[in-house]
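Going down the list, the sequences are from chains A and B. If you read the first sequence in our numbering, its first letter stands for residue 45, the second for the next number, and so on. If you read the second sequence in our numbering, its first letter stands for residue 5, the second for the next number, and so on.
Since the hints were derived computationally from the structure, they do not count as laboratory data. Some hints here could point you the wrong way.
What the simulated footprint calls covered on chain B by chain A, stretch by stretch (three residues with Cβ under 8 Å from a Cβ of chain A suffice, anywhere in the stretch; the number is not a length) [what the hints assert, rightly or not]:
#1 23 to 30
#2 33 to 41
#3 50 to 62
#4 65 to 72
#5 76 to 84
#6 146 to 156
Note that CB positions come from ideal geometry on N, CA and C, so glycine has one too.
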Amino acid sequence: MKNALVRPDIDTTVARSLAAIAFIASDNAMTQEPKAREPKRLEPLTPPELVVLVQSIAERRCKASFQELFGYFAPRVKAYLMRLGSDMHQAEELVQEAMIMVWRKAPSFDPGQAAVSTWIFTIARNKRIDAIRREKRPEIDLEDPALVPQPEALADGVVEQQQHARRLKEAISRLSEEQAKLIQMAYFADKAHGAIAEETGLPLGTVKSRLRLALGHLRKELKEDVL
Amino acid sequence: MTLPSSHSHGGTGSPLPTNHISDELLTAYAAGTLSEAESLIVATHSAFCPLCRDAIAEFEAIGATFMDELEPEEMAAGSLDFVMSKLDDDEAWPENVVQHPSAQTKAENLDSDVILPEPLRSYVGGDLKDVVWRPVIRGLEEAELSVSSPDYNVRLIRVAAGAAMPQHSHQGLEYTLLLTGAYRDSSGRFARGDVQIADGDVDHQPTAEPGEPCVCLIVTDAPIKLTGPLGRLLNPFITY
Numbered sequence: 045m046k047n048a049l050v051r052p053d054i055d056t057t058v059a060r061s062l063a064a065i066a067f068i069a070s071d072n073a074m075t076q077e078p079k080a081r082e083p084k085r086l087e088p089l090t091p092p093e094l095v096v097l098v099q100s101i102a103e104r105r106c107k108a109s110f111q112e113l114f115g116y117f118a119p120r121v122k123a124y125l126m127r128l129g130s131d132m133h134q135a136e137e138l139v140q141e142a143m144i145m146v147w148r149k150a151p152s153f154d155p156g157q158a159a160v161s162t163w164i165f166t167i168a169r170n171k172r173i174d175a176i177r178r179e180k181r182p183e184i185d186l187e188d189p190a191l192v193p194q195p196e197a198l199a200d201g202v203v204e205q206q207q208h209a210r211r212l213k214e215a216i217s218r219l220s221e222e223q224a225k226l227i228q229m230a231y232f233a234d235k236a237h238g239a240i241a242e243e244t245g246l247p248l249g250t251v252k253s254r255l256r257l258a259l260g261h262l263r264k265e266l267k268e269d270v271l
Numbered sequence: 005m006t007l008p009s010s011h012s013h014g015g016t017g018s019p020l021p022t023n024h025i026s027d028e029l030l031t032a033y034a035a036g037t038l039s040e041a042e043s044l045i046v047a048t049h050s051a052f053c054p055l056c057r058d059a060i061a062e063f064e065a066i067g068a069t070f071m072d073e074l075e076p077e078e079m080a081a082g083s084l085d086f087v088m089s090k091l092d093d094d095e096a097w098p099e100n101v102v103q104h105p106s107a108q109t110k111a112e113n114l115d116s117d118v119i120l121p122e123p124l125r126s127y128v129g130g131d132l133k134d135v136v137w138r139p140v141i142r143g144l145e146e147a148e149l150s151v152s153s154p155d156y157n158v159r160l161i162r163v164a165a166g167a168a169m170p171q172h173s174h175q176g177l178e179y180t181l182l183l184t185g186a187y188r189d190s191s192g193r194f195a196r197g198d199v200q201i202a203d204g205d206v207d208h209q210p211t212a213e214p215g216e217p218c219v220c221l222i223v224t225d226a227p228i229k230l231t232g233p234l235g236r237l238l239n240p241f242i243t244y
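Isolated chain A, as found in the complex:
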């Protein structure tokens, strides 16, 4: 199965690393090589710390960094898969496959494109579609020359991208409880909106329009945040 996350553009690796280093220095997050921490550590790692871990896997095949990344993400990915209906055993297996994928695809991770947590979320999501729904995942291929490019420099830099996660969390926390719940259900229901309609007892059309409203609200919050 192909995956849009594969971006073997070696030329940009150096530029990316430099950008990440500049960012990390500016954030005072970490100025030295990551050392192996306790593998079971569950306190949040910061987005820049996570970028450093993935980059040391990509560049030096660093197993200590992988171990740390595993300790942080495996239990979270497992919770996500179980929330979507996998049993303990299946979730465990999918997490293992997803984390091996993280090891293999680390060189294609682009910190200017997404946070590490977002990247791993998409890997776990695709593993799940593949294994449970037995469907292919039609994926946008960012390397495709037929892709219509962005008109101007709309793209965020590494710093903006990695700070985005925090702004997102804040924007979600400002939503009403009902809107936050509705959006959350859109991610944790196995099938698209029909399942939400069933669970809430609302007509499908109502679910869709309320969800659209909630998402519009969230995106507006995020845009205003930038200004």
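For chain A, the structure is supplied; the task is to place chain B on it using the hints.
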């Protein structure tokens, strides 16, 4: 009803689509809850549309935020050791490489519209010139595509320049993604990259603009219903 597009942009002269995909559909794609057939529409539209790509990235980040906030589930003992033991095998895993159209192919096809973007290109097995068309009615040809979602019919249609489709309504949802040419119906004009989503409330007769044939990717989850005077007679012969 035709679902409203959720965002717009004012890029004058840029060949960007003007009819987009709604936020709730983009979210379902980002969450991975959308069927393969509908995902093909969303992903291929997004190849034409940087705005929808941006929105999808945003919705994936939201998914990651929710994942992050779940109460972590402890992994089984030995899980990490098992994964660590597999890491060195990875060279043996074949990497799937997508064949992109070469620069040469692009130059040969002066009309760049015949180049299909991914993921559609992989489903078609090439570009528009590689499609084997089957005539349906005068002015209309089709080619079925295979997806694993059994509840959906996915196909390319080619409407001759200036030809009108039969007047029809829908028993379910009909997604149309325009690949080349343009068509009009009572709700407006649709050109390359545009998406139209129609349901039972839409009774329309899309008509290709003169000049060039109009090729679309169509996904339906139920047969359409011909509603014109002649069409009613043809209903038994239209299988989608």
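Going down the list of hints, with the structure as the test:
1. 23 to 30: holds (count 3)
2. 33 to 41: Holds: 6 residues of the segment 33 to 41 of chain B have a Cβ under 8 Å from chain A.
3. 50 to 62: Answer holds; 11 residues pass the 8 Å Cβ test.
4. 65 to 72: Contact hint for the segment 65 to 72 of chain B vs chain A: holds, 8 residues under 8 Å.
5. 76 to 84: Contact hint for the segment 76 to 84 of chain B vs chain A: holds, 7 residues under 8 Å.
6. 146 to 156: holds (count 3)
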